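Peer 1: Chains as they are written, first to last, in the working numbering: chain A, 1 to 222; chain B, 1 to 228.
No wet-lab data here; the hints were simulated from the structure.
Predicted model only: the values in this text are computed from it and were never measured.
Any given hint could be a false lead.
Said to hold, decoys possible - Among chain A residues calculated to face chain B with C-beta under 10 Å, some are: (1) H62; (2) E75; (3) F167.
Stated by the list, open to error - Computed footprint of chain A on chain B, listed as stretches where at least three residues anywhere in the stretch have a Cβ under 8 Å from a Cβ of chain A: (4) 67-79; (5) 89-103; (6) 208-222.
Note that the Cβ used here is the ideal one computed from N, Cα and C, for glycine as well.
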Amino acid sequence: MEEVVLLGFWTSPYVMRVKIALLEKGIEFQYKEERDVFEDKNKSELLLESNPIYKKVPVLIHNGKPICESLIILEYIDEVWKQEQQLFSADPYYRAKARFWIDFFDKKTTTCGKKLWANKGEDQDAAKREFVECLKLLENELGEKPYFGGDHFALLDIALIPITCRFYTYEKLCKFSVEEECPKFMEWVRRCNMRESVSKTLPDPFKVFDFVLEVKKRFQIQ
Amino acid sequence: MGEVKLIGTHQSFPCARIEWGLKIKGVEYEYLKEDLSNKSDLLIESNPVHKKVPVLIHKGNPIAESLVILEYIDETWKDNNAHSLLPQNPYERALARFWAKFIDEKCVISVWGACVAQEGEEKEKAVEGAIETLSHLEKQIKGKKFFGGEKIGYLDIVAGWLSYWLSVLEELGEIELVNAERFPCLHEWGKNFINTSPIKDCIPPREDVLAYFSFGINYVRSMAPNKA
Numbered sequence: 001m002e003e004v005v006l007l008g009f010w011t012s013p014y015v016m017r018v019k020i021a022l023l024e025k026g027i028e029f030q031y032k033e034e035r036d037v038f039e040d041k042n043k044s045e046l047l048l049e050s051n052p053i054y055k056k057v058p059v060l061i062h063n064g065k066p067i068c069e070s071l072i073i074l075e076y077i078d079e080v081w082k083q084e085q086q087l088f089s090a091d092p093y094y095r096a097k098a099r100f101w102i103d104f105f106d107k108k109t110t111t112c113g114k115k116l117w118a119n120k121g122e123d124q125d126a127a128k129r130e131f132v133e134c135l136k137l138l139e140n141e142l143g144e145k146p147y148f149g150g151d152h153f154a155l156l157d158i159a160l161i162p163i164t165c166r167f168y169t170y171e172k173l174c175k176f177s178v179e180e181e182c183p184k185f186m187e188w189v190r191r192c193n194m195r196e197s198v199s200k201t202l203p204d205p206f207k208v209f210d211f212v213l214e215v216k217k218r219f220q221i222q
Numbered sequence: 001m002g003e004v005k006l007i008g009t010h011q012s013f014p015c016a017r018i019e020w021g022l023k024i025k026g027v028e029y030e031y032l033k034e035d036l037s038n039k040s041d042l043l044i045e046s047n048p049v050h051k052k053v054p055v056l057i058h059k060g061n062p063i064a065e066s067l068v069i070l071e072y073i074d075e076t077w078k079d080n081n082a083h084s085l086l087p088q089n090p091y092e093r094a095l096a097r098f099w100a101k102f103i104d105e106k107c108v109i110s111v112w113g114a115c116v117a118q119e120g121e122e123k124e125k126a127v128e129g130a131i132e133t134l135s136h137l138e139k140q141i142k143g144k145k146f147f148g149g150e151k152i153g154y155l156d157i158v159a160g161w162l163s164y165w166l167s168v169l170e171e172l173g174e175i176e177l178v179n180a181e182r183f184p185c186l187h188e189w190g191k192n193f194i195n196t197s198p199i200k201d202c203i204p205p206r207e208d209v210l211a212y213f214s215f216g217i218n219y220v221r222s223m224a225p226n227k228a
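Bound-form chain A, shown alone:
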């Protein structure tokens, strides 16, 4: 009997990646929501034991064994639950491309993500330009394909779609429009949202915006 537990937090795009992958694969799992992800003292014992190095979500616990880091979890899921239509291409070159773009995207969102909502003035503007440039590169990579995975919704699509629930927040705080800057990227976003795994997982963008405002207040960020 397989036991699959996912530790997460509703606003984490990294957690959303794992949820979408589990739903796409039809894997039954138990979801446990953390009360708070900002302060270690508020984190669950289970999270602190399962991910002692980073103390972060997501953590997938499969038959008692914890796996951390979202991309590593996605690869694990694909390797353990093999199906006819895998999340990852069988071709090493396309797998390498997916890994490259996820690495690129994650590094970008780490450097400029927080500045989009926590900073002001020139810092925020610079972060906005960097973020838009990143989306344009991805738009270029997508090209004319329906999905980053080609004809099929695949690993790179799963990795990129969650951040889109933050677009409303970024647009409101930084005063720009993703639709205007990257219309093809937004077409892809709408296409992905037609999939049940995505629409069931991504939170309401307005709720995300309210949450960001609460966080700013909590940590006294203007």
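Using the hints, position chain B against chain A.
Peer 2: Okay, now just chain B, sitting in the frame of chain A:
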């Protein structure tokens, strides 16, 4: 010439990782030496996003980022006699990937930070931080000859810079992080790793690594705000 080309510089340990991976797999390749102060058109075309080395070009297709390239090598050349770089078991693969990411995101950065920091409280804190990250690797290697078990594997290759490049950084930063007293297992692993073929065949001369890191450290220190 052959289908496999590697754009790199010998002093760079991410490039050494790729040579090690290719040699372990018995793959013939052409090394295209890059001058990073005057980047080639080929490098810029092959890695337009980062414009960095290493880049592997296989059948005309470029692959960038050392950890991505290592996985590509392991997946592409798997039917010959060479052993797998990554473990077969999915959970062990996940652990190897986790520690590889930890090495690149935490160890490299904390060690570099400890070297670059100039004397005082800032340096003491940076050194403590670096020792803390390395202590996790000490636990991982305990009881094993290599991270991969009896044979060199993916995680050994990723950690490989600790067996040679680290001592250059320690010299330049005037610190000591890994020694037989503090981290006996990691120290022993380092000696075994650097003395095994084909690893020892791809080690650049120490003075080249010294020059390479000196330049970087001085640059970073010169960018630091003045503490008048």
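Peer 1: So, for every hint listed, does it hold in this structure?
Peer 2: Each hint tested on the structure:
1. For H62 (chain A), the shortest C-beta to C-beta distance to chain B is roughly 8 Å, which falls under 10 Å, so the interface hint holds.
2. A cut of 10 Å between beta carbons decides the hint on E75 (chain A): the least distance to chain B is about 7 Å, and the hint holds.
3. A distance limit of 10 Å between C-beta atoms decides the matter here; for F167 (chain A) the minimum to chain B is near 22 Å, and the interface restraint is violated.
4. Look at the segment 67-79 of chain B against chain A: 7 of its residues bring a Cβ nearer than 8 Å to a Cβ of that chain, three or more, so the hint holds.
5. Residues of the segment 89-103 of chain B lying with their CB closer than 8 Å to a CB of chain A number 8, which satisfies the three-residue condition for coverage.
6. With 0 residues bearing a CB less than 8 Å from a CB of chain A, the segment 208-222 of chain B misses the requirement of three and the coverage assertion fails.
Violated hints for the displayed structure, listed by number in ascending order: 3 and 6.
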